[in-house]
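A.B. asks: The lines below spell out each chain.
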Amino acid sequence: MILATVSERQELLARSKTIAMVGASANPLRPSYTVFSYLRTQGRFEVTPINPTISAIDGVKAYPSLAAYAAEHGAPDIVDVFRKPSELVELTREAIGAGAKAIWFQYGVVNQEAIELADRAGLDVVVDRCVKVESARFNGGLATSGLNSGLITSRRRS
Amino acid sequence: MQDRQFGFATRAIHAGTPPDPVTGSRVMPLYQTAAYVFGSTEQAAELFQLRSYGHIYSRISNPTVAAFEERMASLEGGLGAVAFSSGLAAQLGVVLSLAQNGDHLLCSQNIYGGTVTQFTVLLKRLGIETTFVPVEDHNAIRAAIKPNTKLLFAETIGNPGGTIADLEALAGIAHQAGVPFVVDNTFASPYLCRPIEHGADVVVHSATKFISGHGSVIGGVLVESGRFPWEGGRFPLLSEPSPGYHNKVFTETFGEYAFLMRARAEILRDVGAQMAPMDAWLLLLGLETLPIRMEAHVRNARAIAEFLSKRPEVEWVSYPGLASHSQAALAKKYLPRGAGSIFTFGIRGGRDAGRRFIDALELWSHLANVGDMKSLVIHPASTTHSQLDDEDMRKAGVAPESIRLSVGLEDLDDLTWDLDNALKTACHPEESGCHPEESKDPEAPKGRRRVETTK
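Keeping their order, the protein sequence lines are chains Y and P. Note that the working numbering numbers the first sequence so that position 18 is 18, with each residue one more than the last. Note that the working numbering numbers the second sequence so that position 375 is 375, with each residue one more than the last.
Next comes chain P alone, as it looks inside the complex (with noise of 0.2 angstroms):
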């Protein structure tokens, strides 16, 4: 046994997966079971009363589900990690560690709609408040702590506007007020940045997205830290009797390891939302490329970034890991290997050009997913957000014109050929032979570039 801190690479190829001890199989067998055999009477009861190691049922743990944890534990820098169905699954399992009635939690509003419609809408009937406030303005964000706030949730790079969070500076708001921070770092991955070792205590994935890699999984995870103290009050269902757990008192009784058992133990237990054998297994064969792919992402990204940014079609492109971006400094602070493959840019002409530039595409791929091999592509205001008018619309934090990518890995000349064909269909449709019906800028084709850092 060695104390050697092994390289992210060979942890992403090893970590959680020993040669199997039984049949020395070297990839990791998929336990495709619903339950597990006792040993003995004795052995069956220590387990349920949590006081041995081992499986009981594959709702509340599984060997190639506990691979896949472990493995992200120790790619993220935690101590461990409980896998969930999906991203929503797993940052509600998050929330519903800490907080009950009467709660409230702090959320950065430069998040996925998902989570903001999670916490607004089902959450708030479970009586559990959130507030909503720019994760750049920090003295908005210390104000709104209040004593029954229970965690600060915000995204390392905020879907899908690209906002980088100060991960450092939030953390330290979130602590001096005794408060967790949690990080759902869906859009980095653990490869371009890893939250805990900027002072977050808790971090998300929706391992869907680059953990899987080849979008053929729904998945989520959550990892912990294991340095917050969740003792002193704030956290009474870690640190009081547990009614759903023969009063166990979880602080007292598993230390550093509290929030992960209590987190498995009962919330995975009841609310039922564990991931599937087969998912977790292919989940373990994408991580071990991640660090290769996410290389390859952030140089076809920023290429087609500096690609869009001198097209005339484009009136701006948002990737951070462009120097003009006004958050170039955290880009190069936090994402140092690239700020990711996931990006937003405005077409000139509007909602309809860029319903027309969505059209003409051959290769990137139309649809509501990110972070795969194959390029994405979606355009919020003929989709996710076309029942809303351009008014509305910009209220809900969405340009019209604005389409957002998710850069694959395909060749970079068959990704700027379709974008250039897409681009002068969409935008000089006399010359492509489309006549759109609708009236146009007269001064959109061929006029001035301007290339904004944000928008």
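Chain Y with its partners taken away, still in its complex shape (with noise of 0.2 angstroms):
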């Protein structure tokens, strides 16, 4: 299903452990490199680029595909997607073959059959958000920065 709500994002967020990054890059310049560091050094999620022109990022191994990666991992709970709109659809069969429990479309990441073909295998889809700004909404990330988490709460965050 396609997850539109805050709740929704946050239920998918807590109960992942594995995140295949498709497209992520080693250059620091790059978003998806930004993202790649940010989840792996917050130490929540196991994080794996899957990009078949590099070896590694950070000492973390790179694998060609998500064929490749679930032949040794296993099915990951989230396949996060930096890549082109029009390489959407291949991308997201791969993702369904692989056994993904989730597919997440970055910002500008956006293809409507594929976002289709995904909510029909059952795939839970996230689309044109960042995980790591969501991830950061509910850690209090956002909040340092004055960014509008809308959460409010009189509960104390353990």
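Hints are computed from structural coordinates only; laboratory data are not their basis. Keep in mind it's a predicted model, so treat the numbers as computed, not measured.
Derived CB-CB ranges, DEER-like:
no., chain 1, residue 1, chain 2, residue 2, range
1, Y, 64, P, 246, 25 to 31 angstroms
2, P, 229, Y, 112, 17 to 23 angstroms
3, Y, 5, P, 146, 41 to 47 angstroms
Cβ coordinates follow ideal geometry from the N, Cα and C atoms, glycine included.
Take the two lone chains and join them into the complex the hints point to.
C.D. replies: What follows is the structure, given as structure tokens:
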């Protein structure tokens, strides 16, 4: 299903452990590196780059394809996508083939056919969102930068 | 975690301030510190590269200030906010986030004098030109947009004249030309009007006024909607590699957060006009009572406007909350809960009567500020514009008889008692024992009462 609400995204992140990041770059200037580095240093997730052009990022082994990743690690909880919209249908098929439980399309990574394909295959789908930003919304990160987390609570965060 | 959309009063009290996770403190602690210890060299590097969230140095961010920023973003319906040391600093922050040498700004001419000076003197020296256009002249605004125009700027309620900007129409004109619409919402506060709901892209405030509510803090804040498409070439400061930040492309790295991240990580960092933590703490306290204060402000303001409308010593009252005002329809549309509590009226007898009126007041404070719990008054002709003769003053948009009120929360009877005394002293000096040297218009004291809708 397509996850449109804040709580659906929070629950997805809470129940997920492994993230296969398709298109993760080793270039520190690229947004995908920023997200990879953030998630890795936070320590909440096991993040793995999926990129046939590199062997590793910051010492974390990269895999050439989702299939190669799944053969070694099993199905990823989330496939996080940093690829051109034109490549998304094929990529979504690969994610389904790898048994991914969810597919997350980053900012500007939008292809309606791919979204519907993933939805029909039973994957949870997040569209045009950043996994770093959503993660930071719930761990207090956004609030340190004056960004509107949308969270109102009188419960003490553990 | 719930998806509930909480109401305005709840957010005014809670947004940005969950219980402190370390101590459980229910009130937002005052983090009075200049800097923050890094957890490791790796974490420090992540923070400096903007790859991780956290505090480095209070010139860039501070937990107490961040709580204020998040609450303002919540109340205005924005994606996020950046606080500054004053309202003027906040709007400079908006301009510097979008414009550079050779660029052009379009600005309402029905606007605070300090903004006019900032744009026409300071920004002009930096190579940024501004065209001023009457905020009601939509054709002139449309015609004045140039290829290098970076923003359209207006005030929800203009200072001091009270002209209301037709926000939806102006947002439409700006967006059609690919330009963001920036609104100074100081005189309305987010309780009376939320410009982002009417199409604005960035909102700025002098937090000194209703946000503080108590006249105890100088502060400013910008709030951004996160909706404006900064890509496409008109805003290279956001969409091209930034030499100020490791050649990052803000739109690519931060998506909808591009503007807010650049405003903080480059502009606030480099200008150094950050808000003090103590000031943010006081502003958080002030915001908790914003809804009930604004209700009381507009109630008193309407009563004072009606009181003045009936006085023979008063030539005109310019309060858009009065049904007779020429902008009453716009006021109803954009300010349904009330047209604020700051407005002008004209005293019969011009500049001299204005001076006598101010001198005779006992309870109203004569000072250069607005949006306080205390009722405030200023007579531009004898203060801010006293160096001008009547003709030059009118050219500057200020009538010699014009008096600006900021109606506070004292007992209405006490406020009208004070106004009644001062009007009598100013306009009937022979009855009050005051004998001014100046010759007076013999018709003035008992002249025909005239209440105009605009001046």
